[in-house]
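S.K.: Sequence lines, in order, name chains R and W. The numbering of the first sequence is this note's numbering, which starts it at 1 and goes up by one. The numbering of the second sequence is this note's numbering, which starts it at 1 and goes up by one.
Wrong hints could be hidden among the right ones.
Straight-line distance between alpha carbons at most 20 Å, and here's what the computed SDA-like set of lysine to any residue pairs gives [to be verified]:
id: 1; chain 1: R; residue 1: K210; chain 2: W; residue 2: P118
id: 2; chain 1: R; residue 1: K199; chain 2: W; residue 2: E101
id: 3; chain 1: R; residue 1: K199; chain 2: W; residue 2: E131
id: 4; chain 1: R; residue 1: K199; chain 2: W; residue 2: G14
id: 5; chain 1: W; residue 1: K89; chain 2: W; residue 2: R75
id: 6; chain 1: W; residue 1: K97; chain 2: R; residue 2: D190
id: 7; chain 1: W; residue 1: K19; chain 2: W; residue 2: M1
id: 8; chain 1: W; residue 1: K19; chain 2: W; residue 2: E343
id: 9; chain 1: R; residue 1: K209; chain 2: W; residue 2: T121
id: 10; chain 1: W; residue 1: K97; chain 2: R; residue 2: G196
id: 11; chain 1: R; residue 1: K210; chain 2: W; residue 2: K97
id: 12; chain 1: R; residue 1: K199; chain 2: W; residue 2: R100
id: 13; chain 1: R; residue 1: K199; chain 2: W; residue 2: V102
id: 14; chain 1: R; residue 1: K122; chain 2: W; residue 2: I77
id: 15; chain 1: R; residue 1: K210; chain 2: W; residue 2: K106
id: 16; chain 1: R; residue 1: K199; chain 2: W; residue 2: P118
id: 17; chain 1: R; residue 1: K199; chain 2: W; residue 2: D95
id: 18; chain 1: W; residue 1: K97; chain 2: R; residue 2: T195
id: 19; chain 1: R; residue 1: K199; chain 2: W; residue 2: Q133
id: 20; chain 1: R; residue 1: K199; chain 2: W; residue 2: E32
id: 21; chain 1: R; residue 1: K209; chain 2: W; residue 2: Y160
id: 22; chain 1: W; residue 1: K106; chain 2: R; residue 2: K122
id: 23; chain 1: W; residue 1: K106; chain 2: W; residue 2: I77
id: 24; chain 1: W; residue 1: K137; chain 2: R; residue 2: K210
id: 25; chain 1: R; residue 1: K199; chain 2: W; residue 2: G167
id: 26; chain 1: R; residue 1: K199; chain 2: W; residue 2: R315
id: 27; chain 1: R; residue 1: K122; chain 2: W; residue 2: E131
id: 28; chain 1: R; residue 1: K122; chain 2: W; residue 2: K15
Because the hints were derived from the structure by calculation, they are not lab data. Model, not experiment: these values are computed from the prediction.
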Amino acid sequence: MELIPKLPVAEWISDATDWLTDTFEFLFDFVKNDFGDFIEFFAESLLMQIPIWLFIAVVAVLAFFVSKKRIGLPVFVIFGLWFIQNQELWEELMNTFTLVIFASLISVIIGVPFGIWMAKNKFVETILTPVLDFMQTMPAFVYLIPAVAFFSIGMVPGVFASVIFATPPTVRFTNLGIRQVSHELIEASDAFGTTGAQKLFKVQLPMAKKTIMAGINQTVMLALSMVVIASMIGAKGLGQTVITGLQRADVGTGFVAGLGIVILAIIIDRFTQNLNTQRGDQS
Amino acid sequence: MPVVQVKNLSKIFGKNSKKATRLLDEGLSKDEILKKTGNTVGVNRASFDVEEGEIFVIMGLSGSGKSTLVRLVNRLIEPTEGSVLIDGKDLAAMDSKSLREVRREKLSMVFQRFGLFPHRTVLENAEFGLEIQGMDKEERKKKAQKSLELVGLGDYVNQYPGQLSGGMQQRVGLARALANDPEVLLMDEAFSALDPLIRKEMQDELLELQESMKKTILFITHDLDEALRIGDRIALMKDGRIVQIGTPEEILVNPANDYVEKFVQDVDRSKVLTAENIMKRPETVDIEKHGPRTALERMRKEGLSSIYVTDAKRRLYGYVTADDVSDATKEEVKDLKSILRTEVPKVDKTTSMHEIFNIIHDTPVPIAVMEDEKLVGIIVRGAVIAALAGNEVNINGIDS
Chain R
1 MELIPKLPVA
11 EWISDATDWL
21 TDTFEFLFDF
31 VKNDFGDFIE
41 FFAESLLMQI
51 PIWLFIAVVA
61 VLAFFVSKKR
71 IGLPVFVIFG
81 LWFIQNQELW
91 EELMNTFTLV
101 IFASLISVII
111 GVPFGIWMAK
121 NKFVETILTP
131 VLDFMQTMPA
141 FVYLIPAVAF
151 FSIGMVPGVF
161 ASVIFATPPT
171 VRFTNLGIRQ
181 VSHELIEASD
191 AFGTTGAQKL
201 FKVQLPMAKK
211 TIMAGINQTV
221 MLALSMVVIA
231 SMIGAKGLGQ
241 TVITGLQRAD
251 VGTGFVAGLG
261 IVILAIIIDR
271 FTQNLNTQRG
281 DQS
Chain W
1 MPVVQVKNLS
11 KIFGKNSKKA
21 TRLLDEGLSK
31 DEILKKTGNT
41 VGVNRASFDV
51 EEGEIFVIMG
61 LSGSGKSTLV
71 RLVNRLIEPT
81 EGSVLIDGKD
91 LAAMDSKSLR
101 EVRREKLSMV
111 FQRFGLFPHR
121 TVLENAEFGL
131 EIQGMDKEER
141 KKKAQKSLEL
151 VGLGDYVNQY
161 PGQLSGGMQQ
171 RVGLARALAN
181 DPEVLLMDEA
191 FSALDPLIRK
201 EMQDELLELQ
211 ESMKKTILFI
221 THDLDEALRI
231 GDRIALMKDG
241 RIVQIGTPEE
251 ILVNPANDYV
261 EKFVQDVDRS
271 KVLTAENIMK
281 RPETVDIEKH
291 GPRTALERMR
301 KEGLSSIYVT
311 DAKRRLYGYV
321 TADDVSDATK
331 EEVKDLKSIL
341 RTEVPKVDKT
351 TSMHEIFNII
361 HDTPVPIAVM
371 EDEKLVGIIV
381 RGAVIAALAG
391 NEVNINGIDS
């Protein structure tokens, strides 16, 4: 045991991160500044400018149609959102919502193509599977460290850390969904002379849609679960209020902000789940 | 030229197929090769031609390699050896682009479990092949609609496959294949997943469609009755090898080996054999030349109780019985016309044995088998029973 000294793995990682930070500084700076500005603009100049009553009304109406004209979800939306604004957490909610939206969007944009690649190529699947395992099981706090190194503090590193943590389900479910398409349908598609792209867009993706949407739902939920953690590096939102509550040992504040996150989570979850219907389903 | 030519086609699954191929050359069986190399022989040196407009049935039990064979024909499975020629062009030599072209334009496939896309409506399913070809939306809709009407589903265009019964789903599968207007239709156990009544209905419908379409159809089945019903020619497969190719009659009547014979033993022959297969050469007398005396002479010689009367061109006039003739000779009648009986049980030579049953039951004389108003043979009760028992059947109406 003594023959091999402690390997300087930590040093290697640090060095690699430093090197990345220096080498790609222009890129990180660009993302940090321009993307950061855009996120801020989206949250503060768009979402927060909408009158609260109008925002709640629009979401409630959408909920009504999304849940196939049932009344439960809209009622929940109205009471939930009203409660959050009543607790004077509206700005925090908008910030959190922005973080979740951007993190999820980026996750899906990255995740779906990788999932397709994985489904089409056995080798890629072999390589990516442990990488995905790694991404999901590594404690989420660890991502905060390079995130800060690359993007300093604020919303952008929050989004970055959330994307790493939230992307795997989309990749996995896309892969699964495509691989689940029955052999006979693939044969049918081939027998009619489809190109690879035609097969993908006309058969595999439509057939896998339900599974992919389930993956996206998971991704959104994971992104939301990163909100509190991301607020440790300065991402604005409900998470920050929770942290404040923690630091001051103020149970009430922490609980109310936590409740806000739960309400947001339920609304987003029901929305994404109800959007997940497939043509030709028997129901 | 045959539309589909299959030459020496082999498929060996698994790695190191070369060794297995060599063992095939040495004549080892599928089981022996599996034991020695771990390779499964899918298809073993299959050769056949499918002529334009015929229904060629490949029939075999599960594991006989018939499904592999049909997938080799449109190269869904890559062959290990041999070639498939569609319109004289070798499929195996094609790059993926020309292969796609052939699949789009010349070959369409119908699948056992229908292979319909559940997220597409019936119309969109039927459109699929045309859509892949990049056909204009309006035009392909029109063609798909027409194709669906052809199979009797014109009113179901907006349904989803999941809302239809099995038989209707397979009609959609058929319509989808026909919408492309392919030269060759590959049907892989197309009716096997349907219940027997619907299956028969679909078979009838296919035959009816075929009357007008005259497509070249390669039909795969494990059901011999189905093969005999719809096939113009049948190839029987066992262990990846084609053991016999022939018309339904040829296979029933002259099984190439024990395997085929065993196979056809259980077939309901009455549905397959026709009058032609069981008729005998008729003994006749000529109404112009012969009188009662000749008729009596002939009947005595052959041990008959009646004899058919024709003219020189074998046009049938009727029959005379031994009793009548014997009376006529005593009364010195010179002509057969006065004692001629004209209520003759007649069947066309293509009549199935099934129908002959009903006729032969209550007729005192042998049945006259006709072709173009001419007497070509007779059927006696004994021949029907013998044929059902599976022996003494002849193919061409000549005594065996």
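S.K.: With a cut-off of 20 Å on the C-alpha distance, tell me whether K210/R and K106/W pass.
M.R.: Violated, at about 34 Å.
S.K.: Does I77/W sit within 20 Å of K106/W, going by the straight-line distance between their CA atoms?
M.R.: holds, 17 Å
S.K.: Compare the distance between the alpha carbons of K122/R and I77/W with 20 Å, and conclude whether the hinted pair is satisfied.
M.R.: Holds, because 19 Å separates the two Cα atoms, which is no more than 20 Å.
S.K.: Hey, K209/R versus T121/W, does the alpha-carbon distance stay inside 20 Å?
M.R.: holds, 16 Å
S.K.: Is it true that the CA of K199/R sits at most 20 Å from the CA of P118/W?
M.R.: Holds: K199/R and P118/W sit about 15 Å apart, inside 20 Å.
S.K.: Hinted pair, alpha-carbon criterion (20 Å max): K199/R, E101/W. Please report holds or violated.
M.R.: holds, 15 Å
S.K.: Taking 20 Å as the top limit, are the C-alpha atoms of K89/W and R75/W close enough?
M.R.: holds, 13 Å
S.K.: For a C-alpha distance cap of 20 Å, please report whether K199/R and D95/W respect it.
M.R.: Holds, because 18 Å separates the two Cα atoms, which is no more than 20 Å.
S.K.: Starting from K137/W, check that the Cα of K210/R is at most 20 Å away, please.
M.R.: With a Cα-Cα distance of about 27 Å, the restraint between K137/W and K210/R is violated, given a limit of 20 Å.
S.K.: CA of K97/W to CA of D190/R, is that 20 Å or under?
M.R.: holds, 12 Å
S.K.: Between K199/R and G14/W, is the straight-line Cα distance small enough, at 20 Å or below?
M.R.: With Cα atoms ~27 Å apart, K199/R and G14/W exceed 20 Å; violated.
S.K.: What's the verdict on K199/R and G167/W, does the C-alpha distance respect the 20 Å limit or exceed it?
M.R.: With Cα atoms ~26 Å apart, K199/R and G167/W exceed 20 Å; violated.
Comparing the model with each earlier hint shows violations of hints 4, 7, 8, 11, 15, 20, 22, 24, 25, 26, 27; every other hint is respected.
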